[in-house]
Amino acid sequence: MGTVVGNVWATRKEDDLSGLKFLFIQPERPDGSSVEPPFIAVDRIGAGFGDKVIVTRGSAAANMTGLTKLPIDALVVGIIDSIDVEKKEVNGRG
Amino acid sequence: MGTVVGNVWATRKEDDLSGLKFLFIQPERPDGSSVEPPFIAVDRIGAGFGDKVIVTRGSAAANMTGLTKLPIDALVVGIIDSIDVEKKEVNGRG
Amino acid sequence: MGTVVGNVWATRKEDDLSGLKFLFIQPERPDGSSVEPPFIAVDRIGAGFGDKVIVTRGSAAANMTGLTKLPIDALVVGIIDSIDVEKKEVNGRG
Amino acid sequence: MGTVVGNVWATRKEDDLSGLKFLFIQPERPDGSSVEPPFIAVDRIGAGFGDKVIVTRGSAAANMTGLTKLPIDALVVGIIDSIDVEKKEVNGRG
Amino acid sequence: MGTVVGNVWATRKEDDLSGLKFLFIQPERPDGSSVEPPFIAVDRIGAGFGDKVIVTRGSAAANMTGLTKLPIDALVVGIIDSIDVEKKEVNGRG
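Chains as they are written, first to last, in full-length UniProt numbering: chain A, 1 to 94; chain B, 1 to 94; chain C, 1 to 94; chain D, 1 to 94; chain E, 1 to 94.
Since the hints were derived computationally from the structure, they do not count as laboratory data.
Source: prediction; values computed, not measured.
Every residue, glycine too, gets a C-beta built ideally from N, C-alpha and C.
Keep in mind that the hints are not guaranteed to be accurate.
Label-pair restraints from in silico Cβ distances [as the list claims (entries may be wrong)]:
hint : chain 1 : residue 1 : chain 2 : residue 2 : range
1    : A       : Glu-86    : E       : Asp-31    : 44 to 52 Å
2    : D       : Thr-68    : E       : Ser-18    : 21 to 29 Å
3    : D       : Lys-21    : A       : Glu-86    : 45 to 53 Å
Reference listing, derived: stretches of chain A covered by chain D, where coverage requires no fewer than 3 residues with Cβ under 8 Å from a Cβ of chain D [claimed, not checked]:
hint : stretch
4    : 1-9
5    : 13-22
6    : 35-46
7    : 50-64
8    : 75-82
Could you put the whole structure together from the sequences, leaning on the hints where they help?
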């Protein structure tokens with residue numbers, strides 16, 4: 001889970017990646033606090049600045065329908081409507 | 001290993017993911033203490049809030065029978081009945 | 001590298017995983033000190049409690065002969081007879 | 001995202017990798033501060049010392065057009081022209 | 001990048017892995033300082049104790065020519081002749 005915090009433009013790219021949109025995502029806990037540094041993800045479903053999104057990371061990100069396997073390792077797969085999480089981390093460092 | 005701590009709803013998604021259920025999982029040690037921040041996983045076997053589950057992470061999560069490879073990186077693959085672990089971490093930071 | 005520290009039982013599982021054995025593995029340095037929290041791995045070669053084992057993690061764990069790709073991310077691939085390591089970590093945090 | 005900080009030469013290699021260029025990449029946040037230690041990546045699009053680049057890590061790096069899957073886990077896929085990121089991490093450790 | 005610091009022997013293994021050599025690798029920064037604990041990698045190009053090597057980690061390690069995909073997650077792919085890295089980490093924790 002993360003929030004869209006920026007855009008990235010890169011004219012010189014691996015051929016297959018032309019036409020794809022790159023976003024900066026800030027990974028977060030359910031309460032919105034940041035977890036790790038921002039990373040770059042591909043987006044095809046129109047996520048915009050400030051959206052809470054579900055991101056698939058690692059090579060599974062390349063399992064996008066209709067496209068040969070692309071050399072990408074992060075893909076926005078959902079724009080979150082709502083979440084409900086019960087506080088369980090009382091004793092944990094999580 | 002982790003515990004189901006919440007649900008996530010996202011109407012706008014990558015086409016292949018419609019109909020799948022998304023859960024928040026809190027990763028844990030065998031003694032129940034939290035390990036890392038919660039993450040989002042797909043569930044097809046009916047895990048519910050508070051269940052202890054086995055989760056496959058990374059692109060292997062996409063190896064689900066009967067489906068073309070989906071862009072998902074975490075899948076609930078088992079609901080734990082019981083575990084038995086012998087305390088070995090006396091000297092370790094683990 | 002790690003040590004088998006426990007067992008996990010889960011009746012409700014993804015269909016393909018029935019019949020497989022799940023073990024708790026404590027990842028370690030060569031000197032036996034713990035590295036990260038324990039994780040769950042599949043075992044087919046008969047590792048038992050206290051065995052030092054080689055574990056393949058990530059989606060490569062699904063490259064098991066004779067089986068379609070399973071949704072597993074950790075597989076015991078060897079039971080260690082012996083190791084020889086020369087102390088090099090004098091200056092490192094490793 | 002990272003910056004090219006050096007070169008690596010290795011004559012004895014796995015057969016398929018001969019002819020490929022290896023670079024040292026320093027991974028960074030959008031503000032240029034370093035994130036983790038430098039790592040080695042393959043480059044085919046002519047990135048040079050000091051260039052800001054987009055790097056695909058993990059097995060997706062092997063999804064390079066026109067080549068059988070190579071045993072590489074990091075590939076430079078873009079040379080960044082510009083980025084714009086809005087400061088959001090006021091409360092986070094990110 | 002890392003240095004070969006030891007050997008591992010394991011007679012009882014997954015069938016496909018017999019005949020392969022297992023080495024302990026200490027992952028390092030370009031300046032030789034240790035980064036994480038040592039891990040086990042497969043070697044086919046004859047790396048020996050003390051050699052500086054390039055290691056592919058994760059499932060891409062299984063992309064070895066002439067072999068069906070093996071359940072391995074780390075492969076020595078190059079023995080380093082030389083590197084040149086310019087100090088850039090003045091402000092970073094990297």
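We went through each hint and held it up to the structure:
1. A/Glu-86 to E/Asp-31: 44 to 52 Å: 46 Å, holds
2. D/Thr-68 to E/Ser-18: 21 to 29 Å: 25 Å, holds
3. D/Lys-21 to A/Glu-86: 45 to 53 Å: 51 Å, holds
4. 1-9: holds (count 6)
5. 13-22: holds (count 6)
6. 35-46: holds (count 6)
7. 50-64: Coverage by chain D holds for the stretch 50-64 of chain A (4 residues, Cβ < 8 Å).
8. 75-82: Coverage by chain D is violated here, the residue count being 0 at a Cβ distance below 8 Å.
When held up to the earlier numbered hints, the structure conflicts with hint 8 and nothing else.
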